[in-house]
Every structure is written in C-alpha cells, then in structure tokens.
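A.B. asks: Those protein sequence lines, which keep their order, are chains A and B.
So that you can map any letter, position 398 of the first sequence is 398 in this note's numbering, and since no number is skipped, the others follow by simple counting.
In short: position in the second sequence from 1, add 401, done, that's this note's numbering.
Note that these hints are calculated values from the structure, not bench results.
Note that this is a predicted model, so its numbers are computed, not measured.
Incorrect hints may have been included.
Here are the computed distance ranges between Cβ atoms for each label pair [said to hold, decoys possible]: (1) V199/A / A614/B: 24 to 32 Å; (2) V199/A / K685/B: 27 to 35 Å; (3) C182/A / K613/B: 24 to 32 Å; (4) V343/A / K685/B: 29 to 37 Å; (5) K558/B / A32/A: 40 to 48 Å; (6) L21/A / A459/B: 51 to 59 Å; (7) N479/B / L304/A: 33 to 41 Å; (8) Q185/A / G693/B: 28 to 36 Å; (9) Y167/A / G667/B: 53 to 61 Å; (10) C182/A / N479/B: 24 to 32 Å; (11) D755/B / V27/A: 39 to 47 Å.
Backbone N, C-alpha and C fix where the C-beta goes; we use that ideal spot for every residue, glycine too.
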Amino acid sequence: MNTSAAQLRERSRALAPGVGLSLARGVAPLVACLVLAVALQIAVRPLMGDYAAKLVLDIGVAVILAVSLTIVNGFTGQFSMGHAGFLAVGGYASGAVTYYGSLKVWGSAATHGGLLSGRPMSVDPSTLPLIGSGDLLFVGALLVGGLTAAALGLIVGLPSLRLRGDYLAIVTLGFGEIVRVCIQQTGPVIRTAAEAAQVPAWKLATSVGGALGFTGIPKYTSLFWVWLIAGITIMVAYRLKRSTYGRAFLSIREDEIASEAMGVNTTRYKVWAFVISAFFAGIAGGLFAHTLGVGLSAEAAGFLKSFDIIIMVVLGGLGSVSGAALAAMVVTLLPEWLRGKHVGPVDLSQYRLVIYALALILMMIFRPKGLLGVAELWDRSLWTSLAARLKRLAGGKGGSR
Amino acid sequence: MTGTIRLWSAISVFGAMALLGACEKKSPAPAPGGGGGTPAASTPGEITIGHYGSLTGAQATFGKSTDNGIKLAVKEVNAAGGVTVAGKKYTVRLVSEDTEGKPEKAGTVVTKLITKDKVVCVLGEVASSVSLQGAPVCQEYGVPMITPSSTNPDVTKVGDMIFRVCFIDPFQGEACAKFARGELKAAKVAVLFDQASAYSVGLKDEFNKAFKAAGGEIVSEQAYTQGASDFNAQLTRIRESSPDAIFIPGYYSDVTNIALQSRKLGMKMPLLGGDGWDSEELGKNAGESIEGCFYSNHYAPDQPTEEIRAFVSTYKADFGGVPDGLAALGYDGARLLFEAMGRAKSLSGTDLRDAIGQARGFKGVTGAITLNDHRDAVKNVVMVERRGGQWVFRASIEPK
Chain A
1 MNTSAAQLRE RSRALAPGVG LSLARGVAPL VACLVLAVAL QIAVRPLMGD
51 YAAKLVLDIG VAVILAVSLT IVNGFTGQFS MGHAGFLAVG GYASGAVTYY
101 GSLKVWGSAA THGGLLSGRP MSVDPSTLPL IGSGDLLFVG ALLVGGLTAA
151 ALGLIVGLPS LRLRGDYLAI VTLGFGEIVR VCIQQTGPVI RTAAEAAQVP
201 AWKLATSVGG ALGFTGIPKY TSLFWVWLIA GITIMVAYRL KRSTYGRAFL
251 SIREDEIASE AMGVNTTRYK VWAFVISAFF AGIAGGLFAH TLGVGLSAEA
301 AGFLKSFDII IMVVLGGLGS VSGAALAAMV VTLLPEWLRG KHVGPVDLSQ
351 YRLVIYALAL ILMMIFRPKG LLGVAELWDR SLWTSLAARL KRLAGGKGGS
401 R
Chain B
402 MTGTIRLWSA ISVFGAMALL GACEKKSPAP APGGGGGTPA ASTPGEITIG
452 HYGSLTGAQA TFGKSTDNGI KLAVKEVNAA GGVTVAGKKY TVRLVSEDTE
502 GKPEKAGTVV TKLITKDKVV CVLGEVASSV SLQGAPVCQE YGVPMITPSS
552 TNPDVTKVGD MIFRVCFIDP FQGEACAKFA RGELKAAKVA VLFDQASAYS
602 VGLKDEFNKA FKAAGGEIVS EQAYTQGASD FNAQLTRIRE SSPDAIFIPG
652 YYSDVTNIAL QSRKLGMKMP LLGGDGWDSE ELGKNAGESI EGCFYSNHYA
702 PDQPTEEIRA FVSTYKADFG GVPDGLAALG YDGARLLFEA MGRAKSLSGT
752 DLRDAIGQAR GFKGVTGAIT LNDHRDAVKN VVMVERRGGQ WVFRASIEPK
C-alpha cells in the first residue's frame with residue numbers, strides 16, 4: 001500500500017512540468033496583460049480620440065464586473081443579484097482612501113499620477129514619470145476596495161449561501177439595497193485638509209457625500225490600469241475554472257446534492273466563489289470611482305446596475321469567461337453605438353433603449369444558453385460545431401430546393 | 402430544425418446590427434437638433450454648441466423642455482443672422498445628447514460632445530447629481546458649461562468654467578419658507594422629502610432653517626424614496642400632527658401620487674413645493690387634488706411682461722403647450738451664451754468663460770440675470786398657485 005503511494009508520487013513528480021516551464025506559464029499571461037494594457041494606453045487616445053478612449057475604458061470596467069460575476073452566477077450556478085453592492089462598497093472604500101489620503105499627504109485632492117494614469121490634460125507629459133506617487137496610493141486603494149468588498153462578501157455569504165435559488169437571489173438583492181440606503185445616509189464630503197485633520201478617522205469614512213454622490217475623488221483610472229486588471233481578472237477566472245476549485249464550483253452548479261455526496265463541501269466552495277467574485281467587483285468599483293466624469297453615487301449600488309451585470313453574464317453564456325467579456329463589450333457599446341443613428345427618417349437614438357431591450361429578448365428566445373454557452377472563445381470545439389452547423393445549413397438548403 | 406431556426410435568427414440579429422452600422426457611415430450629415438454622427442469640427446462660419454439632458458428616463462420632461470427652449474433660442478439667433486464673434490458672423494448648430502437622467506452617463510456624453518462634436522460650450526443638465534458629473538469633464542477640457550436649472554450650490558463650485566442661470570437651493574428654500582409664513586400665515590408645517598435626492602434634502606434643510614427663524618414650527622418630518630407609489634404611512638403620520646401646510650420638495654412624478662393620496666385621506670391643507678414640481682404632467686395627473694397648492698419656480702408664463710408674452714407665444718407655435726420653467730431656463734441659458742459670444746474676444750474656452758462671467762442684468766424671460774463671483778445667478782423666485790386648473794402667478798420674492 002505504502003509503496004504504491006510512493007510510486008504514485010514519484011510518477012506524478014515525473015509528469016509535472018519543470019520549474020522553468022511552470023514559471024513561464026505563470027508569468028507569460030501577466031506579461032501579455034501588461035503589454036496589452038500599455039499598448040491600449042499609448043495607442044487608443046491618439047488614434048481613436050477621447051470619446052473612443054472613454055468607451056474602451058468603460059468596456060474594461062464592464063469586463064471586470066461581468067467576469068467576476070461569472071464566478072458566482074456562471075461557474076457555481078448561484079443567482080446573486082447584489083453584485084453592484086460590492087461594486088459600490090469597493091468604490092466608496094477606495095475612493096475614500098485616495099481622497100482623504102491625498103488630503104493628508106499632499107494637502108489637496110489633486111492627482112499625482114504618472115504617464116500611465118489618467119493625468120490631467122494641463123500637465124506637460126514630458127515631465128512625468130511612468131508611474132507617479134499618486135498611482136501607488138491608487139493601487140493601494142484598489143486593494144483596500146477589493147478586500148473590503150471581499151470581507152463583506154464573506155459576511156453576507158456565510159449565512160445566505162446556505163440558501164438556494166430564488167431565496168439567495170432575494171437575499172442578495174436585499175444586500176444591494178442595504179448598501180444603497182446606507183450610502184445615502186452618509187455625511188457630506190469634507191473639502192479641505194484643515195477640516196479633515198480635525199475630525200477622527202472613522203468620521204472621514206462616513207463623510208462620503210450621501211445622496212449627492214462622492215465627488216472630488218482624484219481621477220487616476222486610465223486604460224492602462226483598467227485593462228491590466230481586466231486581463232488579470234480574465235486570467236484568474238479562467239484558471240479558476242480549470243482548477244480543483246473550479247471543478248467543485250461547476251459540480252455545485254450541475255447538481256448540488258450529487259456534489260455534496262461526492263464529498264464537496266458545497267457551502268464552503270460557494271462562499272469562496274462569492275468572496276473571490278466580490279473582491280474583483282470591489283476593484284472594479286475602485287476603478288469606476290476614479291474615472292473622470294463617472295458619478296459614484298448610491299445609485300451605483302442599486303439593483304438596476306446589478307441587472308446590467310447579470311445581463312452581461314447571461315448573454316455571454318453562464319460559465320464562459322470569454323463569453324462574459326464579449327457580452328460586456330456588446331452591452332456597453334450597443335447603447336452608445338445606437339446614439340445618433342438614422343434609418344431613413346427615423347432617428348434610432350430615440351428608440352435606443354427599445355432596440356437594446358429587443359436584442360436581449362431575441363437573444364433569450366433563440367439562444368438561451370447565451371452567446372457562447374459554457375465554451376470559451378479559444379475552444380476549438382466551439383468553432384468546429386459552428387462550422388458543422390453552417391455546413392449542415394448550407395446542405396439542408398440545397399436538399400430542400 | 403430548431404437549430405437551423407436559431408442560427409438564422411442569430412444571423413439576422415447580427416445582420417441587422419451590421420446594417421445599422423453601415424447606415425451610420427453612409428449618412429454623416431448632421432440631423433437638425435438631433436445627435437449627428439459627424440466627427441468633424443464645425444464647418445467654417447458655424448459654431449457647435451452641445452446640450453446634455455434627460456431626454457428619456459424618469460425625468461424625461463425636464464430634458465425635453467430644456468431642449469425645446471434651447472432649440473427655440475438657436476432658431477431665433479440663426480434667423481437673426483447668427484452670432485458675431487470678434488467681427489465674424491457664425492451660425493449656430495445644436496447637438497443634443499441623452500443622459501437618461503443617469504449620473505454615470507454624464508461623463509461619456511459630455512466627452513462625446515466636447516471631443517467628437519467639438520462644441521464650444523455645453524448646456525445642461527437639469528438634475529444637480531448629473532451636472533456634478535458632467536462639470537468636471539467640462540472643467541478638464543476647458544470648455545465652459547452653463548447649467549440652466551441645476552440648483553444645488555456644489556455644481557458651480559466644481560471650477561471656473563461652470564455657470565448657472567438659475568437661483569440656488571438655499572434661496573429657493575428660504576423663499577418657500579417666507580411665503581408659507583408671510584403669505585399663507587402658516588404656523589405649523591409638516592415636511593415630506595425624498596431622502597435619496599440631494600436636491601430634496603438640501604431644500605428641506607434650508608426651508609426648515611428659514612421657517613423656524615421666521616417663528617414657525619416644523620411639526621413632522623417624513624421621508625420617502627423616489628419612485629415609491631404608496632405614501633399612506635407617511636401621510637397618516639403627518640395628518641396626526643395636523644399641520645397648516647405640507648412642504649414637499651420632490652419631483653413631479655412623486656408629488657402627483659402624494660397629492661392624490663393625501664386628498665383621499667381627507668387632508669385639505671395646501672401643499673408647497675420647489676421647482677421639481679414644474680411639469681405639465683403634475684396638473685394633468687393630479688387634477689383636482691393639486692388645486693390650491695403652491696410651488697416656487699423660475700418664472701410664471703402668465704407674468705405680465707413683454708419678454709414672457711413673446712416667448713410663450715413663439716414657444717406655443719413651435720412646440721405646442723405652455724413652456725414650463727425649464728424650457729424658459731434652457732432658452733435663457735442659450736441666449737445668455739449667445740449674448741456672451743457677442744462680447745467674447747474669441748471662441749476659446751477662456752475668452753468665452755470671461756465673457757459669460759461678465760453677464761450683468763441680462764434680460765431673460767426668467768428675470769434679470771446677474772452672475773456673481775461664485776458664477777451663480779442672482780434673481781427672483783416666483784411663487785405660482787394652482788387655481789381653476791391653471792398655474793397662475795402669485796408672488797415674486799426678491800433675493801437678499
């Protein structure tokens with residue numbers, strides 16, 4: 001018995017990839033993310049203009065949100081409707097850190113960013129370092145936002161993930177609303193460093209603007225940061241799907257009782273999925289909060305925002321990481337793209353919201369699994385089945401005539 | 402079989418989308434007043450100005466009225482030969498974009514107006530929460546922004562590019578309190594406010610302060626959240642305190658329900674509100690229930706001045722219906738901008754900013770507009786009353 005176990009270990013060690021290879025595998029995607037993010041930051045604005053740059057940035061944030069929700073709604077099959085709650089918590093937490101952090105450190109909420117951040121246009125770029133001192137504060141704040149959201153995910157998840165289906169949906173919906181109402185009750189933002197120095201730290205955390213929204217947060221979010229994090233999120237989600245944890249998540253989705261019978265601690269794995277998902281939603285919230293012209297208000301936690309994210313996940317295919325990312329892109333671009341469109345005398349922009357909703361309805365009727373189902377864009381089976389379908393379609397057409 | 406149908410429908414959906422995309426590229430001509438898809442700057446001799454507003458969504462009438470007012474001003478100025486900037490004549494083109502009343506849309510929409518349509522000045526928004534997100538973008542790009550009707554004091558504090566042609570909430574709340582205490586002789590007032598709206602909370606605070614200072618008493622303070630449909634709980638509590646009047650600083654959609662439900666509960670005291678009541682929908686939907694109620698507004702269409710009479714008649718001819726205060730403010734905002742363009746040294750953001758900031762005693766339909774050091778307009782508040790199914794002018798309250 002013992003010898004066979006030792007033999008097994010021996011064999012698995014022999015089969016395992018070498019240190020160099022596994023390191024390369026681990027680092028390569030990160031490098032790819034970094035290159036993509038830098039390329040977008042350098043190329044998009046000069047080539048496509050500020051408006052397109054803003055849309056690419058919105059898409060990035062939407063991708064992070066959709067992919068993070070895929071972990072809960074897609075992999076684990078739990079229907080969470082409070083994702084925007086985590087977004088708002090992360091946004092407010094990280095916004096408070098950078099805003100009041102800047103007041104304490106520099107005496108004002110002005111940005112201290114480098115070339116890779118969303119620097120103000122008035123600054124001469126040649127004088128800037130690649131990464132400014134403010135960017136470090138920003139990255140720290142993003143982590144604070146993500147961890148706060150994750151902690152809240154744990155607190156909410158532990159009791160509520162014992163529930164299933166509709167009940168969980170209602171609890172998470174309620175959570176989002178609780179966050180929204182709590183934010184509405186907060187006090188006005190403290191504007192000067194002198195005033196901020198006089199009040200205790202806990203008071204600063206609750207001075208985040210109330211119903212008017214948290215304004216004045218320094219704007220660090222740039223294409224670089226958004227797409228770096230979006231790339232990391234996609235990578236983590238995809239690797240998670242293929243790991244033992246991911247297998248457990250998927251087994252819970254397929255049949256909770258069966259997976260419990262097979263020894264999967266379903267509550268534990270559900271809470272894990274919830275916490276990981278909340279962490280990334282919190283980071284997305286941080287990016288959202290630091291974007292120029294994006295209002296961080298209590299409405300960000302509302303259920304309408306949660307629905308937007310759910311729509312992306314359902315459209316993309318429950319359980320498909322690349323599908324969620326693709327749908328996030330489509331859902332973000334569709335309303336903007338319909339802006340100012342004309343078909344003959346009809347101004348489509350007036351019917352923007354109708355067309356948007358109609359596309360969703362058609363999708364649900366004709367492709368209820370979502371764009372990709374559980375497959376990923378890079379799965380060969382997706383393309384071979386599509387090709388087979390097309391072939392069948394062409395053949396069937398010829399036969400009937 | 403079903404697979405075939407699915408595939409076909411998927412293809413048709415994407416085909417339709419591709420077609421829409423193709424249509425865009427083929428017709429780059431700007432639609433009059435609509436959101437044109439032209440990436441190019443204004444043609445020589447043409448100035449583009451932008452408007453962002455809630456053209457759809459819960460407060461759609463706000464955005465539409467404002468847009469109509471601006472359109473009217475643009476039409477008039479073009480009919481008169483356009484504006485003259487530093488000795489050169491220009492015609493004016495308006496690009497309007499929809500925010501759906503959502504704060505998070507403001508940044509994208511204003512970025513589009515400034516960078517894609519190359520507008521020289523931005524008008525909008527009505528809701529303060531949306532203006533507060535559009536304003537930093539205008540400030541960042543150095544393009545002046547004039548909000549026609551955002552009354553929250555924080556909006557113009559964003560920076561020196563941001564102006565407004567309406568009064569601010571502290572003065573509006575104070576005027577309502579003065580009116581309730583002075584004209585209505587109310588001693589006890591109950592307040593019902595929208596706790597999720599900065600506008601409502603701000604107005605409530607200012608009203609309470611001024612009303613108490615005038616020797617009145619706030620007997621009950623109840624909160625609701627925008628979009629609620631049942632106000633019976635709050636209204637019953639208010640009824641117990643038997644106030645002489647109820648102050649409701651909310652938006653027209655909620656006020657309609659409040660008015661209907663309060664009358665059903667047998668409450669007959671007058672209701673008072675701010676300029677959020679200003680929509681034809683309120684009179685239409687609340688009917689009898691709103692009779693004998695008052696709100697503070699930027700202007701009253703029946704005020705006996707020459708400007709207002711001319712404005713109301715041309716507006717009626719163009720759009721049908723009596724212009725509300727937001728239409729009047731949109732009209733005034735655009736006209737003040739054209740007047741400032743006439744005085745500006747050039748069309749650059751800073752020159753235009755300086756010219757707008759120098760507006761003194763500009764004769765608008767909503768009264769004489771003087772911009773103070775905080776880039777806020779100093780002007781009268783008008784109280785209107787619902788009498789015989791009409792909103793009629795009741796009193797005008799001077800600024801301090």
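A.B. asks: Could one say that the CB atoms of D755/B and V27/A fall in the range 39 to 47 Å?
C.D. replies: violated, 55 Å
A.B. asks: Taking the Cβ atom of V199/A and the Cβ atom of K685/B, is their distance within the range 27 to 35 Å?
C.D. replies: This hint is violated: roughly 48 Å between Cβ atoms.
A.B. asks: Taking the CB of Q185/A and the CB of G693/B, does the distance hold inside 28 to 36 Å?
C.D. replies: The hint (28 to 36 Å, Cβ to Cβ) holds, given that Q185/A and G693/B are roughly 35 Å apart.
A.B. asks: For the pair K558/B and A32/A, does the Cβ-Cβ distance stay inside 40 to 48 Å?
C.D. replies: At 44 Å between Cβs, range holds.
A.B. asks: Does the Cβ-Cβ separation between L21/A and A459/B fall within 51 to 59 Å?
C.D. replies: holds, 57 Å
A.B. asks: Return holds or violated for the Cβ distance of Y167/A and G667/B against the range 53 to 61 Å.
C.D. replies: Taking Cβ atoms as reference, Y167/A and G667/B lie about 41 Å apart, which means the hint is violated.
A.B. asks: Check the following: the C-beta atoms of V199/A and A614/B are separated by a distance inside 24 to 32 Å.
C.D. replies: holds, 28 Å
A.B. asks: Please check whether N479/B and L304/A have a Cβ separation lying inside 33 to 41 Å.
C.D. replies: Given about 39 Å between the Cβ atoms, the range holds.
A.B. asks: Just tell me: holds or violated, for the beta carbon distance of C182/A and N479/B against 24 to 32 Å?
C.D. replies: violated, 50 Å
A.B. asks: Is the hinted range of 24 to 32 Å satisfied by the C-beta distance from C182/A to K613/B?
C.D. replies: At roughly 29 Å between Cβ atoms, K613/B and C182/A fall inside 24 to 32 Å, so the hint holds.
A.B. asks: Does the beta carbon distance between V343/A and K685/B stay inside 29 to 37 Å, or does it fall outside?
C.D. replies: At roughly 33 Å between Cβ atoms, K685/B and V343/A fall inside 29 to 37 Å, so the hint holds.
Violated hints for the displayed structure, listed by number in ascending order: 2, 9, 10 and 11.
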